[in-house]
Structures are given as structure tokens and as C-alpha cells.
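Participant: Residue strings, one per chain:
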Amino acid sequence: MSISHAPPGSPEPDISDMSPQDHRRAEGDTEAATGVPADADADFGQRAPLDLAPIVPASSRRTRVPRWLRRATGPLVLLALWQLLSSTGLLTPDVLASPGRIAEVARDLVADGSLTDAMGTSLRRVAAGLLLGTLTGTGLALVSGLFRVGEDLVDAPVQMLRTVPFVGLIPLFIIWFGIGEAPKVAIITLGVTFPLYLNVYAGIRGVDAQLIEAGESLGLSRWGLVRHVVLPGALPGAMTGLRYSLGIAWLALVFAEQVNADSGIGFLMVQARDFLRTDVIVVCLIVYAFLGLLADFVVRSLERLLLQWRPTFTGR
Amino acid sequence: MATDVHRPVTPVSAVRVEGLTRSFDGRAVIDDLRLDVRPGEFVALLGRSGCGKSTLLRILAGLDRDIEGTVLVPRRKAVAFQAPRLMPWKKVWRNVLLGLPGKPERAVADRALEEVGLSHRSDAWPKTLSGGEAQRASLARALVREPDLLLLDEPFGALDALTRIKAQRLVGELWQRRGCAVLLVTHDVEEAVLLADRVLVMDDGVIAHEQEIDLDRPRDITDPRFAELRAGLLERLGVDTTADAA
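Residue numbers (UniProt numbering), protein chains in the order written: chain Z, 1 to 316; chain E, 1 to 246.
By construction, these hints were calculated from the structure, which means they are not laboratory data. C-beta: ideal position from N, C-alpha, C; glycine also. Mixed in with the good hints there might be a few duds.
Short, incomplete list of chain E residues facing chain Z, as computed with Cβ under 7 Å [said to hold, decoys possible]:
hint : residue
1    : 24
2    : 61
3    : 79
4    : 89
5    : 124
Let the sequences and hints guide you as you build the complete structure.
Facilitator: Take a look at the structure:
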């Protein structure tokens, strides 16, 4: 079928090689179809002028409020509401202190050094637990991911232990390690180990078999395959594991510090509870949140650095 | 021109396969196969899907060793797969050098990339390459090993028509420059006739048909002899070409 060579309004449109069925279909379609080449010839002359509607560019439709401003509005409104409730006396300080009061207390706590001390102590605990947990988790995952013997020996016990809620082990850890730093670091270590193990293991086992084969065909040794193909391929999984681990590390820290501690943010909170200081408690919660954000930022930066090769990576 | 006669075994071979059998679950995909490739010869291997041609290539590449029979291949061999299979976490030039013995310099990779016309993408991540570029990078990675045998597993299968023509031409040029033996697995008869010295048709686990292509290079698709060879091979593959050959 030719498309556009028949002159407009040609008395005999060139539909000669259309089957009757085609023809019927083409005619029936004319109203709905806009410029389907198949029937362009048939009714070129008779077609009524189309009602054209403009497509307006999206950007010109309204003046835009910057996205960050829109996103900031919600929290700010909440904060204002909170302050309003406190100032009118509807929200009493022994239930929840006002934002202004909390800012004041935070300043004082920073000024007398107690908050920074507590933060330092807590950060050290998390860092130690995270380091130990990362080493154990990744180490075990490597053993069971890379070697079949390792999988048989390691995977089953780890999967079993994983089902024990690690927080439930705190009493046992206090009996074993006393009440110093050791049980706190141990509980964080335990919490961090499992998500890392699971994700690194899955990452190793999920490496594309085609790439392994390509590596083999390039003459890589077994160790070369591990180094150049398997480990980089497992890195995205490891990063996911690290993220989960960080979340759990803070959780474990809160538990460990509130059960028995004589320093750290958790200790500060327990103390504040005894004196009904909701302002101090809120400051500590904010610090926890801030530290959590900071940790997330660190992992994100790490991902940006290490995973820039990923086709799915969109940030920059 | 078609011959089913086995030539006498040449004293020097780039590939020598005798009595090769490969079974999957008791079913022989390759059954007592015999194959010789001369050094520097370009051989195309045709066959319907599932006829075992890719299996044969994987065996020659040393990726499949559950075999019976004799398989002799050069120590220096290289493979390019249908998918480029570049390591996404390595920049293009590192991909090219991957697996080379010692600590080769980047210049080595750049020379190979230059040869396939990709030197400007040396520092790129594989994800940023187009399909044709990735395939050329994969080709550079194979060539940098200076293989005596180059195994190509449908390397143009996933490329669009225009890119494929360019890539075919490139492979032809590279082969003439390098002088290595090439085994090209493909299901594109035209591609086989265009590039190969000899076309093999595989069926039922053996080489069922062999066809020397003695057209002068560069070959012309519109040459009637080309069409004749192509039609003959298509017929061998069970495709009726009476309307096609006109």
C-alpha cells in the first residue's frame, strides 16, 4: 500500500490491494484513528478538519515552589503546632517539654560537656560493635559463600542462631561479660553480624554465572575469579547488609545502654527518666536520630563511591 | 561445490576434534563429532537452535569438560560471547586487561581498543556503552590475548542490523590482520557466507554438511554465486528458498 502519493481528493483512491475485509476495517477506523497510514489514502479528501488541542509544556503550567521548601513545610508545621500546644499549657512539661525548652536544654548539655561525653561513649560502642560484627559477618559469609564445605559447616548454625532475638541474650551476656563495655559491644556485634552475613552470602551466590564463565574463559585463576568477579559482584549485597546492620547497631545500642550503663546516651536517658526530665529524654532521642542519619549518610557516600558502576545507580 | 568428503587430516591444525561426545542426561547432544580447523582458517558453524553448536564452542573454549573423545585446541584462545559479558565494575580498559598474565600496562588495552575503534571509550564504565560498543570492547578483550584461535558465539546476534554490518566488517578485517583461526557460531547464513572460508552445518550432534566458500574477498552479497551458496546452505538447514533466490 502506498501512503501519500495519491493527490488530495483523487477520485479513485488507491485501495486496490486491500482485501474487502481490510477495507471495511479501514473505513470503520477512520473516526477513531488519527493518521494511521493504512487508511490515509482512502479518505484523504473527505475527512473533516480535526479538532487539535495544544499540549501545554508541563513547566509553564504554574510557578513552582522549590521542592525542598515544600518538603520542609510539613515538619515545620508540626513543630509550630507542638510549640503552640506547649505555650498554651495544653501540653505540660512532664508529658513533653516544649521545643524551645528542648533547644535550651540541648545547649546546656553541650555546654557542660555531658552530652558530647555521652555521645563519644556511645559512638565508641557502636563503632567497636560494628567493626567486630562486620568482620564476623563478612568472614562467615565468605567462608560459606565461596566454599561448599564452608556452606555445609557454617550456614546451618548461623541460620539457627539468627532466629534467636539477640536482645534476649542481654541477661546471658551480663552473666558472661559483667557490666562493663564488653556486654554492650557484644550485643551490638551480634545484632550486626546476621544481616551482614545474609546479604553478603546472598550477594556472593547471586553473582551472574555468565560473568564467572567469562572470567574463566579469560584465564582467571580461582583466586582471580574471587577477586575480580565474585567479590565486586557481591558488593551491592554487602552494602545493603551494611545498611541494615547500621540500623540494628543503633537499636542494639539503645537496648544495651538502657539495661545497665553508667555512661553514654542511654545512661543519660535513664537518669532523666528518674527525674521526669522529658526535655533531656527528647534531646537524647534527637541525638540518636542524628547519629542514625549520619551513619546512613556515611553508607550512602560509600555506595556512591563503590557502586558508581551500577547501571541502576541514579544519584550523582 | 558441496562436498561431504572429509579432507585428509592436515598435519598442522588449530583445532582437532575426534570422537567427541557430550551427553546431557543420557541424551547425546554431540555424538562422535569430528572437526579440524587449519591455522588461520575462518570457519563458520551453522545449525538450528539446539543442535549443539554452542555446546561445541563451549567445549572448545574449555568451559565444558564433561566430555568424551579427543579435543586439541591452542593454548592461546579467546572467546567472545553473544552478550558482551563485560564486568560492570571495571572500566573498559580494565575489562580488556582482565586475566592477562603479569601486570600489563594500560597502553596494551588502549592499543587493542584502538584496533576496534573504541579508544575514546577506554575510561568509560560498561553501563555507558551502546550495544555495538560493548560488543567491540568484548572483541578487544579477546584480541588482546593474541589468540591462535578466536571463538565467536553469535557475537552479532543482539546487535541491530546496521551495527551488525559494521561489526561483521570489523571482524573480517581483524581476522585478516591477525591471521588467527576463527570459529564463528551463528544462525545467520548470510553472515557465514560473507565471512568464512568454510561453512559447517551441524545437525544431530555431528557436522552434517561442509561447504567451502571460495569467493574472493571482499565479498559482494549481490554476487549471484553468493546467492547460490546462501540458498544451498539454507536448503541444508531446511529452509525453502525458491522464492528467495530469484
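Participant: Look at each hint and say if it fits the structure.
Facilitator: Hint check:
1. 24: violated, 17 Å
2. 61: holds, 5 Å
3. 79: Check passed: Cβ of residue 79(E) comes within 4 Å of chain Z, closer than 7 Å.
4. 89: Since the shortest Cβ distance to chain Z is 4 Å, the answer is holds.
5. 124: Nearest chain Z Cβ about 10 Å off; hint violated.
Going down the numbered hints, you'll see the structure goes against 1 and 5, while the others check out.
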